[in-house]
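Visitor: Sequence:
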Amino acid sequence: MATPTTDQATEPTGTLTMYTTTWCGFCRRLKSQLARDGIEMREIDIERDPAAADFVMSVNGGNQTVPTVVVETPDAGRHVLTNPSAKEVKRLLGRA
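Residue 93 in our numbering is what sits at position 93 of the sequence shown, and the numbering runs on without skipping anything.
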């Protein structure tokens, strides 16, 4: 009987950056859903970081819409999502 081999990484790869505000309920919900699954992220408050606010506006038609999430993975590339579901973020990170 052949022994199975694993040529692919078993751990999900990629980085997650979430642009938020302190008062955003959708941001808090998404953070808690991802934290429950052990997904780490870099959080940036757009009210404290003008460059981050500019970025968020540049990808949201001039609006400061949060959460805006950037998922970067070797396989899927870079995705910018506005108010995504936890399921969508996990899928892009290879955790779905």
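Just so you know, not all the hints are guaranteed correct.
[Claimed, not checked] 20 Å max Cα-Cα, derived DMTMM-like pairs, lysine to aspartate or glutamate:
| hint | residue 1 | residue 2 |
| --- | --- | --- |
| 1 | K31 | E88 |
| 2 | K31 | E43 |
| 3 | K90 | D54 |
| 4 | K90 | D75 |
| 5 | K31 | E72 |
| 6 | K87 | E40 |
[Claimed, not checked] The calculated label-pair distances, taken between Cβ atoms and stated as ranges, are:
| hint | residue 1 | residue 2 | range |
| --- | --- | --- | --- |
| 7 | G62 | R36 | 14 to 24 Å |
| 8 | D75 | R48 | 10 to 20 Å |
| 9 | M57 | R28 | 26 to 36 Å |
| 10 | T22 | N60 | 11 to 21 Å |
| 11 | D75 | P50 | 28 to 38 Å |
| 12 | H79 | A35 | 27 to 37 Å |
Please keep in mind that the hints were generated in silico from the structure rather than gathered at the bench. These numbers come from a predicted model, not from an experiment. Every residue gets a Cβ at the ideal spot worked out from N, C-alpha and C, and that includes glycine.
Visitor: For the pair we were handed, K90 and D75, check the Cα-Cα distance against 20 Å.
Guide: Holds: K90 and D75 sit about 14 Å apart, inside 20 Å.
Visitor: That 26 to 36 Å hint for M57 and R28 (C-beta), does it hold up?
Guide: violated, 22 Å
Visitor: Hinted pair, alpha-carbon criterion (20 Å max): K31, E72. Please report holds or violated.
Guide: holds, 17 Å
Visitor: Could you tell me whether the CB distance from D75 to P50 stays inside 28 to 38 Å?
Guide: Distance hint for D75, P50 holds at roughly 33 Å.
Visitor: Hint says 11 to 21 Å; check whether the CB-CB distance for T22 and N60 agrees.
Guide: holds, 19 Å
Visitor: Holds or violated: are the alpha carbons of K31 and E43 at most 20 Å from each other?
Guide: Between K31 and E43 the Cα gap is close to 9 Å, so the pair holds against 20 Å.
Visitor: Between K31 and E88, does the CA-CA distance stay at or below 20 Å?
Guide: holds, 13 Å
Visitor: Can you confirm whether the C-alpha distance between K87 and E40 stays at or below 20 Å?
Guide: Holds, at about 15 Å.
Visitor: Assuming the hint says 10 to 20 Å, is it satisfied by the Cβ distance from D75 to R48 or not?
Guide: violated, 32 Å
Visitor: Within 27 to 37 Å or not, the Cβ separation of H79 and A35?
Guide: violated, 20 Å
Visitor: Given a hinted range of 14 to 24 Å, is it respected by the beta-carbon distance of G62 and R36?
Guide: Violated - the Cβ-Cβ distance for G62 and R36, about 33 Å, lies outside 14 to 24 Å.
Visitor: So if I understand the rule, the pair passes when the alpha-carbon distance is 20 Å or less; does K90 with D54 pass?
Guide: violated, 26 Å
Hints 3, 7, 8, 9, 12 from the earlier list are contradicted by this structure; the remaining hints agree with it.
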